[in-house]
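S.K.: First to last, the sequence lines map onto chains A and B. Using my numbering, the letters of the first sequence correspond one by one to residues -4 to 342. Using my numbering, the letters of the second sequence correspond one by one to residues 5 to 499.
Treat each hint with caution, since some may be false.
As the list claims (entries may be wrong) - Which chain A residues face chain B? A few, computed with CB under 8 Å, are given here:
id	residue
1	Arg20
2	Gln47
3	Ala80
4	Ser81
5	Arg82
6	Arg83
7	Thr179
8	Glu195
9	Ala202
10	Arg206
11	Gly287
12	Gly288
13	Gly290
14	Ile291
15	Ala292
16	Leu307
Think of the hints as simulated: they come from the structure by calculation, not from any bench. Since the model is a prediction, treat every value here as computed from it, not as a measurement. For glycine and all other residues, C-beta sits at the position ideal for the given N, C-alpha and C.
Each chain is listed here by its residues.
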Amino acid sequence: MPAVVMILVFSIFPLVASLIIAFSRIRLRSGSYQVRWVGLKNFEKQIFGSEQFHFLGTFAPISVAGWMLAIGATAGILWWLYRYASRRFTLVGFTGRLITAAFGIGLAFLFAATLFSGKQFGTLGVTLFYVFIGCGIQFIIGLGLAFLCTQPVRGRNIFRVVFFVPMMITPIGVGYAFRMIADTTKGPFSPLWQWVGLGEFSWAADAWAARIFIVVGDSWQWIPFIFVVLLAALENVPRDFVEAAEVDGASGWEIFRDVTWPQILPVAATVMLIRVIEAFKIVDLPNIMTSGGPGIATESMTLHSLFAWRALDLGQSAAVAYLLLFVTVVVCVSFFNLVVLGRIRKS
Amino acid sequence: MARAMESALKISACAALVCTAANTQLAAQDYSGVTVNILTRPGPVIAQRLVDRGEEFTAMTGAEIRVDEVPFAELFQKLLTDWATGTNSIDVGVFASGWAVEMVDGGLLEDLTDYVANDDKIDFDDIAPYFREYNQKIGGKTYLITIDGDFQMLYYRRDILDSMGLNPPRDWNEYMEVAAALHGQDMNGDGVADYGSCIFKKRNAQSYFAMGSIAAGFVQTQGTGEGIFFDPETMVPKVNNEAWKEAFRVYKATGEYGPPDELNHDIGDTRGLVQAGRCGMVIDWGDIGPLSIDPSGAAIKDKMGAVIMPGTSRVLDKESGELVDCTPEICPHATDGINHAPFAAFGGWAGAINKNSDDKIKQAAYDFLSYVNQAAQSNVDVTMGWTGYNPYRNSQLNDTANWVEAGFSKEFAENYLGAIKDSLNHPNMASDIRIPGAQNYTGVVLDRELARFLAGEIDENQAVANIEEAWEEITEDFGRDSQRTMYKLSLGITN
């Protein structure tokens, strides 16, 4: 019973309260709130209204490249859906895949009409960039470092500690550190920046450079997390399996692909799932390093929600938070059910 | 020099006498056991001087003054939620005077009119009329006590301009010409090319204030009551026109002569460059004056000049929305055909008291704010750059002795105070937005669209159209009629 009460008070109640706020306009008065029910208007504003450019992006007539992306992605997704339906159909499975497919096609058209047509994408696209590109890079480097630390190299334990340190620093500290390091007029690398002839280029004024710098900072902080978990997984791979493969004459890559990778896959999937959920909530680094700029180029959905909250537009803030929750759930559940479980079953 | 020393001694002696008198009276108050919780922006700017003065106040009265700090961007939200939800952990907020309108509208602030009437130490008449009547009052009642007076001005490197035979710019065309001439010069002798113009342009910082300063001259010609943001009669945004578009273009064009990463510079970054002697011209509040005599500003000591914000000879025609040439009828307050509209950006930091605090705490809080505001204290505080306090009293603006004593040259003190007075006393001075939702109108919408424009995401036409649409939404949300009434009041229109 106490556990149920705790869950109700600390988890369910805030969730329901914020859902009510997402459908309301709230004005703070002396000693009270003035709540006005506005239905779906907060969501409508984000998806179809004056905040559309902010959340989804600025739309343009779809370019040739955009059509190629949209049609290619749609065809691929529909083919995948057809294959599932024709091979082993269950209602629950099909419904889940239908949601994933609709979301995927929607995203394909969104990017086709914004990024691939020469326009800016919104905070949804920026967040997905941080999640997919950032987490992808972090996984590859984290796995590589973990693999290196399982090898018999000198000073291995020192490397383990050094690689782990960034994770213990608060994200705000990382944001300020990277902002100082990357300052091209006063930062420590400013002379080098000038020397290579980039004195007139500023990463903070270029949308893609700014996004990449934030991914670099985020990766610096989070690679250790992936590193330490995968290191533990790699060290638990039975030596017998590896030695047997070596005796059979398997190459290093073959051993990794056929012996090591299947063994660490469940752990790797779990660590990536945790990391992806965390990455969807990225806020400190873009807030500190660029304040979401230049323009809205580096603004994540969480930062979008935070800015609305700061301006006491609580309804919009809650609406963005719920949109983020929806995107996170669809992506993470799809990733786990379709990618991870599929791979685990296969292996 | 001897006369300056004599004046300084007299001022010091007077200040000491006033301070002693004030201290004696304050000492009569016993606030032992009373704690006043203050919330403001992070120090040392603004906050640290409150801490210092709080220690003095504690020694005199026994009241404990606690100063808590939150990031600037969260200050308004923290105060409003603390007071509106009945948490009431904060007794005094020190914030932008323009935010108070929304708080008064919500019934959250203590009316200080009677406190002021019973205060024989604050010398209300010494506070410059704009700050006394506009900044501190809402609907004719005093809700705020000013501790800082804010106007944006143009500062320039007097030594460099003199050596190049250039005059400080009077309008934005001249600004660009001077900036182009200065850009690339080595202005601090370190062998590195420096910048012609430094104006902060970072999102979620102070860029929208600079935007207001540029736009004001293009938009407002008929005096303060005209306003630069809305039509006071209809509350329709006055932003989708050639005047604001031209201001957007000007603001962006200044970046050609600025640091390459200016888009990521807030006011702290810009001031760092100014103090390092790397900027030929800069737009800033009154802080650059005192910062130039700070030890960290050695590179610019006695090398700066200050003038009223540049104006324009092309102004908004309200009927067509186009720019037209100034004539004596169109620009009645113009000087040499150039329309200036100095913008009271931000309005200055001011203290307000939570209506729901205990009576004894409210009295102690008022006495503390009064103590900080009184000439004996504030006339010293405004001469120190790190405090972030800029002059707002006549005694600070009309007498250079305090400034010379602090380290200003007599010439720069006169120049600096002259520029502030030119702005403050200008009949076409432009008032900052002071209505409910002020933070949303400018701090969120204007700031965001400006950032998108500067980043090249949208052009100026799209930017002003987006602002117009979003401002209309905010106005409808708060209620057009009540917003119109508040806007007219904020411009001094009472009919």
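S.K.: Quick one: which hint numbers does this structure break? Sort them smallest to largest.
M.R.: 2, 3, 4, 5, 6, 10
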